[in-house]
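*Asks:* Put the two chains together into one complex; each comes in its own frame, and the hints tell you how they fit.
Those sequence lines, one after another, are chains V and W. Okay, so the first sequence: first residue is 1 according to this note's numbering, each after it adds one. Okay, so the second sequence: first residue is 1 according to this note's numbering, each after it adds one.
Errors might be hidden in some of the hints.
To be verified - Derived DSSO-like pairs (lysine-lysine); straight-line CA-CA distance at most 30 angstroms:
no.	chain 1	residue 1	chain 2	residue 2
1	W	K131	W	K114
2	W	K168	W	K225
3	W	K225	V	K34
4	W	K91	V	K4
5	W	K114	V	K34
6	V	K38	W	K114
7	W	K194	W	K131
8	W	K114	W	K91
9	W	K225	V	K316
10	V	K316	W	K114
Unchecked claim - Examples of chain W residues toward chain V, derived with CB under 7 angstroms:
no.	residue
11	I86
12	K91
13	L130
14	P133
15	P273
16	L284
17	F291
What the hints assert, rightly or not - Computed spacing ranges between beta-carbons, pair by pair:
no.	chain 1	residue 1	chain 2	residue 2	range
18	W	G242	V	T198	30 to 40 angstroms
19	W	T89	V	P186	50 to 60 angstroms
20	V	L2	W	V303	13 to 23 angstroms
21	V	R139	W	I138	44 to 54 angstroms
22	V	H171	W	V161	50 to 60 angstroms
23	V	F232	W	Q147	23 to 33 angstroms
24	V	G53	W	Q183	25 to 35 angstroms
These are calculated hints, taken from the structure and not from any lab test. Yeah, the Cβ is synthetic: ideal placement off N, Cα and C, and Gly gets one too.
Residues per chain are reported as follows:
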Amino acid sequence: MLLKIRSFMQKTFDAILPIFATLLALIIGIFMLKSLGKNPLDAYQALFEGAFGSQRAIIQTVIKATPLLLVGIGVCIAFRGGVVNIGGEGQIIMGALASAAVALYLPIPSRLIMIPLCLLTAMAAGAVWGGIPGFLKARMGVNEILTTVMMNSIAVYFSNFLLRGPMIDPHEIEMGTRAAQTAQMPEYTWLTRLAPPTQLNTGTILAVILAFFAFVLLWRTTIGYRIRAVGFNSAASKYAGIKVPIYQAMAMILSGAFSGLAGGIELFGVQHRVLENISANYGFNGIVTALFGNLHPIGTIPAAVLFGGLMVGGNKMQRSVQVHSAFIDTLLGLVVLFVVAAKIFSTNRSKRRAKNE
Amino acid sequence: MNNLFSAATIFGIIGMAIRLAMPYLYAGLGELFNQTAGCFNLGVEGIMMMGAFSAFYVVYQTGNLFLGIAAAAVIGLFMGLIMSLISVTFKAAQGISGIGLTMFGVGLSSLLFKTLLQGTVQSVAGFAPLKIPVLGDIPFIGETFFQNNLMVYLAYCLIPVCSVVLYKTTLGLKIRSVGQNPQAADTLGVSVIKIRYLCVCIGGVLAGIAGATFSIANINMFQEKMTNGTGYIAVALVYFSGWKPKGVLFGALLFSFVNALQLRMQVLGINIPSDVAMMLPYILTIITLVFVQGRDAPAALSVPYERSEN
Numbered sequence: 001m002l003l004k005i006r007s008f009m010q011k012t013f014d015a016i017l018p019i020f021a022t023l024l025a026l027i028i029g030i031f032m033l034k035s036l037g038k039n040p041l042d043a044y045q046a047l048f049e050g051a052f053g054s055q056r057a058i059i060q061t062v063i064k065a066t067p068l069l070l071v072g073i074g075v076c077i078a079f080r081g082g083v084v085n086i087g088g089e090g091q092i093i094m095g096a097l098a099s100a101a102v103a104l105y106l107p108i109p110s111r112l113i114m115i116p117l118c119l120l121t122a123m124a125a126g127a128v129w130g131g132i133p134g135f136l137k138a139r140m141g142v143n144e145i146l147t148t149v150m151m152n153s154i155a156v157y158f159s160n161f162l163l164r165g166p167m168i169d170p171h172e173i174e175m176g177t178r179a180a181q182t183a184q185m186p187e188y189t190w191l192t193r194l195a196p197p198t199q200l201n202t203g204t205i206l207a208v209i210l211a212f213f214a215f216v217l218l219w220r221t222t223i224g225y226r227i228r229a230v231g232f233n234s235a236a237s238k239y240a241g242i243k244v245p246i247y248q249a250m251a252m253i254l255s256g257a258f259s260g261l262a263g264g265i266e267l268f269g270v271q272h273r274v275l276e277n278i279s280a281n282y283g284f285n286g287i288v289t290a291l292f293g294n295l296h297p298i299g300t301i302p303a304a305v306l307f308g309g310l311m312v313g314g315n316k317m318q319r320s321v322q323v324h325s326a327f328i329d330t331l332l333g334l335v336v337l338f339v340v341a342a343k344i345f346s347t348n349r350s351k352r353r354a355k356n357e
Numbered sequence: 001m002n003n004l005f006s007a008a009t010i011f012g013i014i015g016m017a018i019r020l021a022m023p024y025l026y027a028g029l030g031e032l033f034n035q036t037a038g039c040f041n042l043g044v045e046g047i048m049m050m051g052a053f054s055a056f057y058v059v060y061q062t063g064n065l066f067l068g069i070a071a072a073a074v075i076g077l078f079m080g081l082i083m084s085l086i087s088v089t090f091k092a093a094q095g096i097s098g099i100g101l102t103m104f105g106v107g108l109s110s111l112l113f114k115t116l117l118q119g120t121v122q123s124v125a126g127f128a129p130l131k132i133p134v135l136g137d138i139p140f141i142g143e144t145f146f147q148n149n150l151m152v153y154l155a156y157c158l159i160p161v162c163s164v165v166l167y168k169t170t171l172g173l174k175i176r177s178v179g180q181n182p183q184a185a186d187t188l189g190v191s192v193i194k195i196r197y198l199c200v201c202i203g204g205v206l207a208g209i210a211g212a213t214f215s216i217a218n219i220n221m222f223q224e225k226m227t228n229g230t231g232y233i234a235v236a237l238v239y240f241s242g243w244k245p246k247g248v249l250f251g252a253l254l255f256s257f258v259n260a261l262q263l264r265m266q267v268l269g270i271n272i273p274s275d276v277a278m279m280l281p282y283i284l285t286i287i288t289l290v291f292v293q294g295r296d297a298p299a300a301l302s303v304p305y306e307r308s309e310n
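Pulled out of the complex, with its shape left as it was, chain W reads as follows (with noise of 0.2 angstroms):
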């Protein structure tokens, strides 16, 4: 079995990688909806770790995975309003003011995570494995892409949902001129704060999924950063996706997939050093930034609006 190119094992990283990629798509998704209405949040970090934390806090408490997820995303939608507070109501310099909020937020969840938890290590039971009838049961194929949790299902879902909000709705119309042209579309009554505000909320929302998709429905324990810049290779997939939902799957993949085969290069025992394979995701990020350059990126992407006056 030790060959990394017999069936098992390709589909073994097949199968990992798209339970990988749940993170980066919820996370993702959010912060297309923050990008696309111009304003750009490297807060997702920050708040994935308060989810993380929060929804692992309240399933430990309660065993009620749902409650869970619910506050996750309330953390997350709290967060999504201090942010859009501070880069859409004060004006802030957006990269900056989305590393205070990560700081906050990565500090903030060890904080409580040393006083409510003692911080010890513990583990609850997550979301289980949903296998879906007849198609769970095809060999291979079944166990890698029908037997997963609930909410790996329901990331892929969220794809074609966000494609038809920001797409097919007059909502997202707005949305999409409030990034391109805020000015234009403020002249043509569509409110650029509010549009904002609910990006970023929005945002918020599926960014503290995202985080309490670590510690409820994947490893199922809480750890210090255990998001371990999960966040920030979200925002880059943004760029990689050149805004658009479809682009974010791929971006996702393509990371869980590189994730996934330096994790069973490691089980597998292939020559490489652990340290240097952990190294490939954040490399591949850079490269991806360089190569996706000059694609259409909002217009208006972080810079606050400000009406002009005369």
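So that you can see chain V by itself, here it is in the shape it has in the complex (with noise of 0.2 angstroms):
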């Protein structure tokens, strides 16, 4: 009993910290929104209302928290499984590009054959962008996080050249405008909006669904339990007969195809085109949102709300106080940076006690 009591007591304070962690970022936040000469009270206060302050508000921030999630749960895999993906951006990007070429080149006007088809594809032009680096890893033991980031410098620029040259929208080069986009998907592509004239969809739940699933997937499975076991001691799991470069190639794999599929939902269900900027910085920011939730794909669901939030509430901030966006990048800087610093106390702490038993 007392041990049960124990281990709620850990786990509650493992939650805790990273909100301590956010607290403290958005206390130096005051600091430096003072040194800018800005009002802290005003600039936080336009904050929260453009994230949470009215039904239009919560709505927005729910539709940027989504692709968030979906890399927020990939990431969780990867960390998990002992593996860092830092690719969110470039896998995002590329199972968008993908999706977009099967839609739009792929004459099927059937709802129920392309919207799964168009989803699947993109989760699998994820998977094989976080599969290489992944498959670099496991084979020759190839750094992953250089990798990944390299990865996402490719694809942004290989996108760049798609929406410029191949897959540039034909209507633009009539026009002579030239702006770096894909045609619109047809209609019948689209993720079926939930509350009209928002871009809130369906991916939404998809995502929240998904969550579960991953949740389910690396706690109630084989494959689950040994990307875990991978990721706690390798050298311990080898011994025990698991094929450990397999499931680290994996835990990359699932990682890179959750954020293929934010590509493709925020492709399907907002943009209905690839813009240049698809990726808006999910692919960094859903890191912070899976440090944020523990590393728990359920933790996550949380998590991806307040930080859309700040995604949106940056924006109002601009508008009505003049204090860029910028500023919430790098909040979310700092909060990594407390996150990954505070896991000493809850380290700590597990190794005290188990030295005092």
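*Replies:* Pasting the structure below:
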């Protein structure tokens, strides 16, 4: 009984740490705003109102939270498998591009076929883009952090190439404007809007379902157990007969698939065409989301709402009190630093406890 | 002149490569100190952006270039301190904390740019080319090698300096032992914590200067995200170098040569879409990372040091 209470306390403590880290970042933000000559109170008020102040704001927040959640789930799976996936940006872009190609060039005007096909394509493209670093890590021990970062840059330029060349909207050429974007996706590939005229769509529901799915995958299946074992102690896993490289690669592939799907849902649910900046920093902010959710898919759900809110509120803050939204990027960086630094408190506590017993 | 193989073009590309290698050299040598002591600092990109902005802002306000470099160095030192606090004292996972530092640095530099300069792109008078007497007058060669600015010469001078520090001094021995076997170093009375703080801070200072070279010693203006992944490539470069200063030089030149080549191909109108050409350095990075596997990395690289308590 005592042990149960202790383990519960430990879990609560771990869950609270990221909240402290975020509060600390917000407090440092106060000093930053002050030294830039802005009123912190006004700025934070605008931030909060922009994020959660009205029904409209909340819907916008949820729309932004959706790709964050999907990327976040992917990051959770990778981290649990002991690999770090920084490549969310690239995987989102490749997911969007590949599924856009299917939607534009495969004329099957049936929602029943096209929507699953497009979303699966997005997942597959993300899986490939995450799988390459995963394979290189598993097979040859190539540092996956560096390769995923490079894959991001490659995806950005590849997308620029396609959006300005082969995949550019024919209308843009006719009109002579040549904006770098694809044609609009055919209407039968659009995800259903839940609350028109807002862009809220069924992709959000899918993302939440997948969060639970990822939880079951990681904690209730053999594959998930092995992924976590490899991440927890790869040497021990190897002695236990688990093929470590396969599960490391699998963690990256799954992780990439979730990010790719985020790109697909952003495309078919919100934007309806691939634009230059479709990844919109979700790839990096998804890492913050996953860390805040303690690398747990379910914990990532509230985290996504919080950081989606910060992204939406940041825009409002920029409009109404002229604090540029880069302020939010800065805060998110601090949150990452504080959350990873705070881990020492949770690991130290469990070690101390282990020693005492 | 539209020939890729004319002497003028070839020397033009080499000259450009020599200048473009400058940020790779500063950042790469800085990261070499980090990694030799066992710290993996992925925050280089963020430190570079902060260095680029602070140098630009100081030069914009005062017109004094050396004050600009000093500002970048101080900011780099400060960010190095943050990084060492988090990865050495708090023993955080180093890859991810580096990403945090990068998000922080890139975000803050944008925020300052938008607030202090209202986001308008302006230029300053940066370091001017310094012609070395006699040598600078040799046709082609003089123009290519001996008419660069002070920061370029300094970058190349830094390589032997780092070699000597890392391989010919007691400090260098301590740094390498801390990266190879911190337990043993600790037993012999070397303070692992102090050495690691020192190296991460040296890395921070050099990364700050690397950023400054963008804004006051090359294109002489500030833009958001202007370092464009150079910091990450610099980290990869250290892997490529086999953790040797000479290797950093070789890697920096290789990357800057590929960069110069793709820029020049665009100018010459060779029929490769510029976006495809821009992918080259990143693809090259991945390929080199694959091929340098198995080289001897510092054994304790990216492992936080913990004194065993019994």
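*Asks:* Does each hint hold? Answer for all of them.
*Replies:* Hint by hint, here is what the structure shows:
1. W:K131 with W:K114: violated, 37 angstroms
2. W:K168 with W:K225: violated, 38 angstroms
3. W:K225 with V:K34: holds, 25 angstroms
4. W:K91 with V:K4: holds, 28 angstroms
5. W:K114 with V:K34: holds, 16 angstroms
6. V:K38 with W:K114: holds, 13 angstroms
7. W:K194 with W:K131: Roughly 41 angstroms between the alpha carbons, so the hint for K194 of chain W and K131 of chain W is violated.
8. W:K114 with W:K91: violated, 34 angstroms
9. W:K225 with V:K316: With a Cα-Cα distance of about 23 angstroms, the restraint between K225 of chain W and K316 of chain V holds, given a limit of 30 angstroms.
10. V:K316 with W:K114: It holds: about 16 angstroms lies between the C-alpha atoms, which stays within 30 angstroms.
11. I86: Since chain V brings a Cβ to about 5 angstroms from I86 of chain W, closer than 7 angstroms, the hint holds.
12. K91: Holds, about 6 angstroms.
13. L130: violated, 33 angstroms
14. P133: violated, 41 angstroms
15. P273: holds, 5 angstroms
16. L284: Not OK, violated: L284 of chain W not within 7 angstroms of chain V, min 9 angstroms.
17. F291: violated, 9 angstroms
18. W:G242 with V:T198: 30 to 40 angstroms: violated, 55 angstroms
19. W:T89 with V:P186: 50 to 60 angstroms: About 56 angstroms separates the Cβ atoms of T89 of chain W and P186 of chain V, which means 50 to 60 angstroms holds.
20. V:L2 with W:V303: 13 to 23 angstroms: violated, 35 angstroms
21. V:R139 with W:I138: 44 to 54 angstroms: holds, 49 angstroms
22. V:H171 with W:V161: 50 to 60 angstroms: holds, 58 angstroms
23. V:F232 with W:Q147: 23 to 33 angstroms: violated, 57 angstroms
24. V:G53 with W:Q183: 25 to 35 angstroms: The hint (25 to 35 angstroms, Cβ to Cβ) is violated, given that G53 of chain V and Q183 of chain W are roughly 55 angstroms apart.
When the structure is compared with the earlier hints, violations turn up for hints 1, 2, 7, 8, 13, 14, 16, 17, 18, 20, 23 and 24 and for no others.
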